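Asker: For reference, the chains in residue letters:
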Amino acid sequence: MASLPTNIEQLVEGKYSYKSLDELLGSLVFDQSKHGKRWFGFFAAGFFGVGLLLLSIVWLLYQGIGVWGNNQPVGWGFDIINFVWWIGIGHAGTLISAVLLLLRQQWRNSINRFAEAMTLFAVMCAGLYPLLHTGRPWVAYWLFPYPNVLGMWPQFRSPLIWDVFAVSTYITISALFWFFGLIPDFATMRDRSIKLWQKKVWGALAMGWRGSMKHWRRYEDAYLILAGLSTPLVLSVHSIVSFDFAVSIVPGWNVTLFPPYFVAGAVFAGFAMVITFAIPIRKWYGLQDVITEKHLDWMAKIMLATGLIVFYGYVMEMFFAWYSGNPFELYLKENRMGGPYSWAFWALWFCNGLAPQILWFPKMRQNKVVLFFICQLVSIGMWLERFVIIPMSLHRDYLPSAWGMYTPTMWDIMMFAGTIGMFIMFMFLFIRFVPLINIFEMKDLLLRIKHDPHAGDHAHGDHHEVAVVAVAKENQ
Amino acid sequence: MKLPLSPTDEKATMDLDSIREKLSGKHGREYWRSLDEVAETPEFQAWMEDEFPNRSSLVSIDRRSLLKFMGASMMLAGLGGCRSLFLPTEKVVPYVKMPEDLIPGKPMYFATASTHNGSALGILVESHEGRPTKIEGNPTHPASLGSSDSFAQAALIDLYDPDRLRGVIHEENDSDWQLFLAAGRDKLAELKATGGAGLRLLTPSLVSPTEVRLAKDLLSKYPQAKWIHWDAVGQEGARQGAEIAFGAAVNTTYSLDKAKVIVSLDADFLHSMADSVRMARGWAEGRRVRGTKVDGLNRVYAIESGVSPTGAMADHRLAVKPEAIELAARMLAQMFGIGVDARADASIPTKWLEAAANDLRSAGSAGVVIPGQFATPAVHALCHAINAALGSQVPAYAPVSGSAPADPLNLSSGSGGQFASLKSLVAEADKVEMLLVLGGNPVFDAPADLKFGDALAKMGMTVHLTSHLNETSKACKWALGASHFLESWGDATSLDGTTSIVQPLIAPLHDTRTLIEVLSGLMGGEINSAEVVKATWRSEVSGNFDKAWAEWLNTGVVDLPARGKIAKPTLKPSLEIGAANALPATSIAFRPDATIWDGSYANNSWLQELPKVMTTLTWDNAALINPRMAETLGLKDGSHVKVTVGNATIEIPALVVVGQPEGVVTLPLGYGRTEVGTVGRKTGFNVYPLRSTAGLWHSAGSVEKAGGRTPLALTQTHHTMEGRDLLKMATVQEFLAKPTLPNEGDEIAEKGLTLWPENEKEWPFEGAQWGMSIDLNVCTGCHACVTACQAENNIPVVGKDQVMKGREMHWIRIDRYYRTVKGETENNNRDITDPSEGFKDILDSNNIQTVFSPIACMHCEKAPCEPVCPVAATVHSHEGLNQMVYNRCVGTRYCSNNCPYKVRRFNFLNYTDNTQQFSDRTEAFNGIVSGDKVKGRALLKMINNPNVSVRGRGVMEKCSYCVQRLNEVRIDAKKRGEPIADGAAITACQQACPTQAIVFGNLSDPKSQVVAAKKEPRNYTILPELNTHNRTSYLARLRNPNPELEKV
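Chains as they are written, first to last, in our numbering: chain A, 1 to 476; chain B, 1 to 1048.
Keep in mind the hints are simulated off the structure, nothing from the lab.
Since the model is a prediction, treat every value here as computed from it, not as a measurement.
Even glycine gets a Cβ: it sits at the ideal position worked out from N, Cα and C.
Check each hint, because a few of them may be wrong.
Just so you have them, the derived chain A footprint on chain B, three or more residues with Cβ under 8 Å [to be verified]:
| no. | region |
| --- | --- |
| 1 | 722-728 |
| 2 | 862-872 |
When the alpha-carbon atoms are kept at most 20 Å apart in a straight line, the in silico SDA-like pairs for lysine to any residue are as follows [said to hold, decoys possible]:
| no. | chain 1 | residue 1 | chain 2 | residue 2 |
| --- | --- | --- | --- | --- |
| 3 | B | 636 | A | 339 |
| 4 | B | 260 | B | 388 |
| 5 | B | 800 | A | 407 |
| 6 | B | 800 | A | 409 |
| 7 | B | 862 | A | 254 |
| 8 | A | 333 | B | 723 |
| 9 | B | 800 | A | 63 |
Whenever a hint applies, use it, and build me the whole structure from the sequences.
Answerer: Written as structure tokens, this is what we have:
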């Protein structure tokens, strides 16, 4: 396939045997001494965040939505901003694991595992919000179509119902995909364990994986099917999330451009988060050889591309507001550029429009400090994008008499900080207890580099088998 | 019945299985025979008779199981007993003696009267099983004509206020009525020797003939005693003005339905003036336009020293200093040839006044000049003179005897009025042995220079009859709990002389007494207040008194033709009016607050949270200042200012009010109470320290910026329409030239621009189709509808901090925008600059017009809220109502986001049990209240309308078009087998509206009033381009300017 990089040898630097690769990647789990004070620091910070999260949830349930800053006319504030932000962050994982798999991009192999984990944890963070933001979360299950004595179905015309389906499908598929991809690695871990209890735990997780041809065959088929299922989700989930807004009649929400621009924004945000994690992790755990400069470079390029799409969306939003001649849309434009929250709008244009342009320069892409910094800006920018769309559209809509302002409270901020904490805590638990990088796919990559560095157009289904045979030989 | 003890018992061996077995395989006759055979067996009989066939008998259960079951039963029984640990125990007690005519579940209505601002308003009170739950105007009462105002509506919550004084307090200890009456009678007996020289009676102006009779009785028994009046906000100026003009104090009210040209000299006859409900109705009658028939439309010229609904609705408005009102009156009087000293002032253009005078002259007897309640006596006298010169038929006169003490001159200008008597009370403080303060709160609201509180401390036995413990009751030795008027027998007179009997709706909730009971009790007379009231009237009726009495109670009006009427007073040939004064640089005006008045409603949560008419401020008062002053002093809303009058200075936040006259700081009274219940605590700023006998209503003063800021809870913070065509207006001339003007540009709203099938064809309407029309030509923005809606629909109060977050719950909000007056159409899109965003383009305050538009749920036929609700909690009814199903709502708030009108309200917190609304900390006084744990929460629950769900937290709510009333009307019509009559369904807002601006009814009835209203050329809907097909529409407002002035 033409899209396969001709220089896949760049994807693994240094000389590795299958065994040494196994050891490098497996040691993150087996050699717990690799996780020192730094790990504990991050874990503790995340754990503290989870504490904050629980505290804010308890207070929220005890008091009601009123502890937040939401009001009339701004019915949705931090709750939905953060929901959309987290959902967006998850998207890179799905894109990397599913779309790049289907497109046979070998460079995904070293980053897909933790990107998928990120997806999972981000969707967990996101999922909290729609549940907790309802006035009566104890009856939020009414959003699900379940048989009940009331004879009531949800109202299927509401985009919030579409959301329920989109997000629940997304988290199910993502979790399956992630776990499924882990099975061969669990088996490797089982095989490499020394202590009995470790063998038992890994063995249970490996679900009886023995690495037979039959297993591999079925694994390949199932994995492809899951990838096929995930691929439309990359587009559909955020499209549907964007319908929450696009379907309404609120000026600034009722925009047909939203689905593609939300999807691009999600990938943009997701890659920013992947790079944010990849840069320090590869350094701290000596993974520079498998998450190479090339990886970062390509991810930066994807960010640049999606960033341009997003920025195009921003420009078009403003253009259409002007071109429509609709007084409410025109005012929306004015309010964004010169209203009380205009700082957020201009910060957004800087973070997501201007700042990523520096990635045009290869030197800047390769400068990890710059790249890391840009990723932070993008994460902030994507949060601001939702701020600009959600409260800024609501706070001044049709009737000026009903206009108001939105100020988040400490509970809003605490809960957001709490979800970030939860994300960090889960990520660091993941790093310590689950193979962070897909071991068998890396070995597969290694095989292909060793045996046939230029034969990119192998049929995908074959190469694992080749790899397995090769690995088996070497292990003997 | 014999019950089998064990399975071995012969008779118990039969069961259904064995019957089936015996019958199996049998057919036809054989089957029936077998059945008979079976049925005759004793086993079957026993089986049939057994209450629980096939049960296990005790014998068949083994010991262990038996013990298990017994244990489980005991435990469950025990758990059942624990219910009271976590759930309140409630007792349901049926009527032991069923009240006559009462059908449980059906409300009853009783006529009575509420008193506000020295005038009675006839009301009908809705009572559910003995609980008053709603106050409506009494259609047979001339001061109400079926309408009411916010004060009357909100009087209800005072009844259930947990902070009320619930008994007698003597020197801060609980006491009781027996002790008080004994002490009081002893003291009076002691005073008898001196003829009551040490006895003083201090009351507000009384409007009750019985109360006046009793006070006079007391004075006749104690000839040396004195009766002193003090009203913080009263009719003093009007009475003194009448003295000057006619030589006698008379009450004046105005039949504005007869008026064609009205000149208001600071008279807010649409809202804050006494008797405003009637006057607003009269004004509206002269203002209503049908079709394009505009001749006969009245014209209002308002000269005002502040902002008021009257100024907002006026065709021409001048904003001047309060002192200039008298100048304007003098100039106007001169134009009518009345000899009086006058001086011109730049703020009053002569041309303007001349135009008004010419208009008045051409109107003749249909012209009227109305003096403001707080204007000087000279203004009142001059207005009487001008009206006499015009031969005006508009003013109506009534005697003040209902309210005056024995010596009416006590009030008159000759003796210095209220001040003189209050001053003498203070001066003679040492000699006062017994002071009865019956109502009011003079320690808080008496002129600061009198230092009334200090004087009170020197007096002997001081007694205060009061509904709540306040500053005065704290200073008096005895505090007596006063009954609410809904618990009392009494009578009350309106400004026009109409008297109503006040009858109780409920026995006193606490151990309280009325003024009548206290006075007659002290004098040792009849304590049964109904008999005392009857005694006042018995002599006035020649025929069967009981029959007349019953009729008065039924209609709510005392039907005695001669009573309350006087001949038209004749003007004195020459008026004694002094020389005109110059205007100060800065004037400080004192006005009653738009909601809590002189402070007497400070503990009324409905009024505290009601947006003040012109400012939309809640829970606070603020110094109202003009934008120019704000710019000069560098003030923003809430910035503190120091206001100085004489030697007194107070600090108070400023609020910038567009249209406020330049150089005038208006200070609303009543806030900053220190001894007040939970609701009024820590609200607002006390301005009484600045108010002295020298300037009761206005003084020269100064204002400067102070540090500090108090955030103010405004319900509307954006004041311009941003160039949007939301509120349609036209001048009469423009409207006549082009009657379609209000609908210009709305072609886009043509029905048919829809993806959905046309309602009428695909989904035919069945039954009544409800719709509403609001005539902005007569809507004065008075907020009576808002309070009425709150009372009807159990709307909670949320408190200041929640209002500041934009979470007020009122289902109706009165949108208020400012615009320039000149050229309605050309400048339709030209707005003044919003004060909240700096004052770049301040226009002359005279050019500002304030416009109102009440906004509640529009009941869109294609409601944007409905398709976005994920659980179908907001749906359409077959009658076209957009309904909220509270029980189904999960609270995503998407409906509110998608509502273009933002009329939905969300229970962000548990507002129904909000402590801002009441106190549940108020403990009952020991031994006074039976079952002394009457908590506030339980008490306030009594106010709820049982036909409306109380909403919990996390649920969306909004205007329902009073669906509970519609259901009742529909059921009634169905029972009678008739269609719903036009006008049978009345919403709470419509019922309260003093100007009848709201018309409601069935859109599918072509003869209904609402259909007629919607056919008016002025009909328009808000945001028609959204194609929501609103059921609520508006009639555009017309301005009727004087062409003479329009050219200026």
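Asker: State for each hint whether it applies.
Answerer: Results of checking the hints against the structure:
1. 722-728: Result for this restraint: holds, n = 4.
2. 862-872: This one holds; 7 residues, not fewer than the three required, reach chain A with a Cβ under 8 Å.
3. B:636 x A:339: Distance of about 18 Å is within 20 Å: holds.
4. B:260 x B:388: Holds, at about 16 Å.
5. B:800 x A:407: holds (16 Å)
6. B:800 x A:409: holds (17 Å)
7. B:862 x A:254: holds (17 Å)
8. A:333 x B:723: holds (15 Å)
9. B:800 x A:63: At roughly 18 Å apart (the allowed maximum being 20 Å), residue 63 of chain A and residue 800 of chain B satisfy the hint.
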